[in-house]
Amino acid sequence: MNNTGKQSFRDFLGALEEAGELLRIRKPVDVRDISGLMAQTPKAAFFETIKEYPDWTLAGALVSSRKRLAIAMGSTENDVGAACERGLMRPIEPVMVASGPCQEVVHTGEAADLTRLPYPLMHLFDGGPYIGGTFVVSKDPDYGVNVGSYRMMYRTPKETGIDLVSPSDMRFYYQRALDKGKPLEIAVCIGVHPKDMLAASYKAPINQSEYSIAGGLHGAPVALVKCKTVDLEVPADAELVLEGELLPIGWTADEGPFGEFSQISGDVKWNPIFRLKCITHRKNPIFYLLQMPWENDWLAAPVTEAAGLQALRIASVEPVAIRAPVGGCGYWSLVASIKKRPGEGKNAVLALLSVAEVKHVIVTDDDIDIHNPDDLEWAMTFRVQADRDVIILSGARGKHIDPSIKSWELGKGGLPTTAKMGIDATIPEGVPKKLYRRIKTYGKDRVKLEDYL
Amino acid sequence: MSPLATTLLAEITARPQQFDEIVDAHRAVPWRTFLYAWGELRAADLLTRDDDGNFVAVRK
Numbered sequence: 016m017n018n019t020g021k022q023s024f025r026d027f028l029g030a031l032e033e034a035g036e037l038l039r040i041r042k043p044v045d046v047r048d049i050s051g052l053m054a055q056t057p058k059a060a061f062f063e064t065i066k067e068y069p070d071w072t073l074a075g076a077l078v079s080s081r082k083r084l085a086i087a088m089g090s091t092e093n094d095v096g097a098a099c100e101r102g103l104m105r106p107i108e109p110v111m112v113a114s115g116p117c118q119e120v121v122h123t124g125e126a127a128d129l130t131r132l133p134y135p136l137m138h139l140f141d142g143g144p145y146i147g148g149t150f151v152v153s154k155d156p157d158y159g160v161n162v163g164s165y166r167m168m169y170r171t172p173k174e175t176g177i178d179l180v181s182p183s184d185m186r187f188y189y190q191r192a193l194d195k196g197k198p199l200e201i202a203v204c205i206g207v208h209p210k211d212m213l214a215a216s217y218k219a220p221i222n223q224s225e226y227s228i229a230g231g232l233h234g235a236p237v238a239l240v241k242c243k244t245v246d247l248e249v250p251a252d253a254e255l256v257l258e259g260e261l262l263p264i265g266w267t268a269d270e271g272p273f274g275e276f277s278q279i280s281g282d283v284k285w286n287p288i289f290r291l292k293c294i295t296h297r298k299n300p301i302f303y304l305l306q307m308p309w310e311n312d313w314l315a316a317p318v319t320e321a322a323g324l325q326a327l328r329i330a331s332v333e334p335v336a337i338r339a340p341v342g343g344c345g346y347w348s349l350v351a352s353i354k355k356r357p358g359e360g361k362n363a364v365l366a367l368l369s370v371a372e373v374k375h376v377i378v379t380d381d382d383i384d385i386h387n388p389d390d391l392e393w394a395m396t397f398r399v400q401a402d403r404d405v406i407i408l409s410g411a412r413g414k415h416i417d418p419s420i421k422s423w424e425l426g427k428g429g430l431p432t433t434a435k436m437g438i439d440a441t442i443p444e445g446v447p448k449k450l451y452r453r454i455k456t457y458g459k460d461r462v463k464l465e466d467y468l
Numbered sequence: 171m172s173p174l175a176t177t178l179l180a181e182i183t184a185r186p187q188q189f190d191e192i193v194d195a196h197r198a199v200p201w202r203t204f205l206y207a208w209g210e211l212r213a214a215d216l217l218t219r220d221d222d223g224n225f226v227a228v229r230k
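Quick mapping for you: the protein sequence lines, in order, are chains H and E. In the working numbering, each number is its position in the first sequence, counted from 1, plus 15. In the working numbering, each number is its position in the second sequence, counted from 1, plus 170.
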């Protein structure tokens, strides 16, 4: 726990261990074998000894299940979206501190070398080893501070790519710097609490600081320290910080493929280059290796669910339950049940389709258990007429890694659009509710089968 | 250029390859040594990509 009361990455590891969800691997491991080993453990993995990297330990697969995500959120598994929404509703501004553990060790000049960090090749077909699980800070003179999460594939001891193909505030900041022919300073933090990662991946309005969102999720302010070589502030409790700049070269460097959070291997992309100036880290640092796709998917789900809940409330629709299924990677699909008044099935569909790049939506009444696929299918079978209850929109904001939008036709730096579809699976207006009375077995409550065995 | 970087370039020139194939062919080399050599090729802009994501040597 920090002085501010905010939880750190190490606090989360402690919570996982207490819950029996952390597996310690004590034998020395070649860094090239870490991905393969991590894929075989049902628990989060902690590697205590890494060959060639005596100063480092490594933790990964930390939120590769909804159970561990719930531990991070301090909630039940079905309540992670609501817990996320509650945090989003009460932003807490960060506080500056004079020093922090993330700067206990400082490497500049030749010692600032990306091969110091123990990150392995993650997947077949990846274009190289990359740093995931990033909390990337940037600043624009007019729009202020932004935090996002972007993967960075190794190029040289001083350079990585940075996956900036999708629309984001930092992409916008970079474009503004590029238009002036200037680099964009960034600080890349690795090893922060999952709530910090959620704040980074939340699509906040451009004038809202993700630091205040992280504070809200924690219920305590994020403590920040000034960087050593760039004009930025970073969480004092991070394990590791890379300071540097994005070169003003535009989307000209090949990067990827990455194993994507869409659960498929991606394509080669064209991205800017990050140039390293300085590495700072804790003593006895822990490198966080985000396990794609599962950690990314589970980290996406509560943010998507919270955004869906907010969209419904803004539309004056009362949500009962919401789910961003892992089949939709916690990102592209939303299923919600509502307390419906006439017309609100359609309003809810439209509200949920407005969320980020969500492309498929199903809305049901509150008598449907949306966590039960059979119940959901039943609602879609008997409450939907496709010619009036399916809404299809064209030309909405999309994401490159969805192959069905043919992003390869766009050229370097182009932004894709997508079609969206929503299904109103609520009881249609004009159809009496009594027609949906579910059958119940006669006498089931009076007898017990075990009495007859 | 280091001997390992020279070897990597010769192998990629002979046949475009996926990164994981190149890693597998050099598992006997320490990972950091491999990354330094790879960095030499990238810093010198000696590599490009084909449509399948293979690394291809740039003709100079």
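Worth flagging that the hints you see were computed from the coordinates, not collected in a lab. Yeah, the Cβ is synthetic: ideal placement off N, Cα and C, and Gly gets one too. Be aware that a few hints might be false.
Among chain H residues calculated to face chain E with C-beta under 7 angstroms, some are [claimed, not checked]:
id, residue
1, R41
2, P43
3, V46
4, R47
5, D48
6, S50
7, L52
8, Q55
9, G124
10, A127
11, L139
12, V283
How the hints compare with the structure:
no.	hint	verdict
1	R41	20 angstroms, violated
2	P43	13 angstroms, violated
3	V46	5 angstroms, holds
4	R47	6 angstroms, holds
5	D48	10 angstroms, violated
6	S50	11 angstroms, violated
7	L52	15 angstroms, violated
8	Q55	18 angstroms, violated
9	G124	17 angstroms, violated
10	A127	14 angstroms, violated
11	L139	5 angstroms, holds
12	V283	5 angstroms, holds
The structure is inconsistent with the numbered hints 1, 2, 5, 6, 7, 8, 9 and 10, although it conforms to all the rest.
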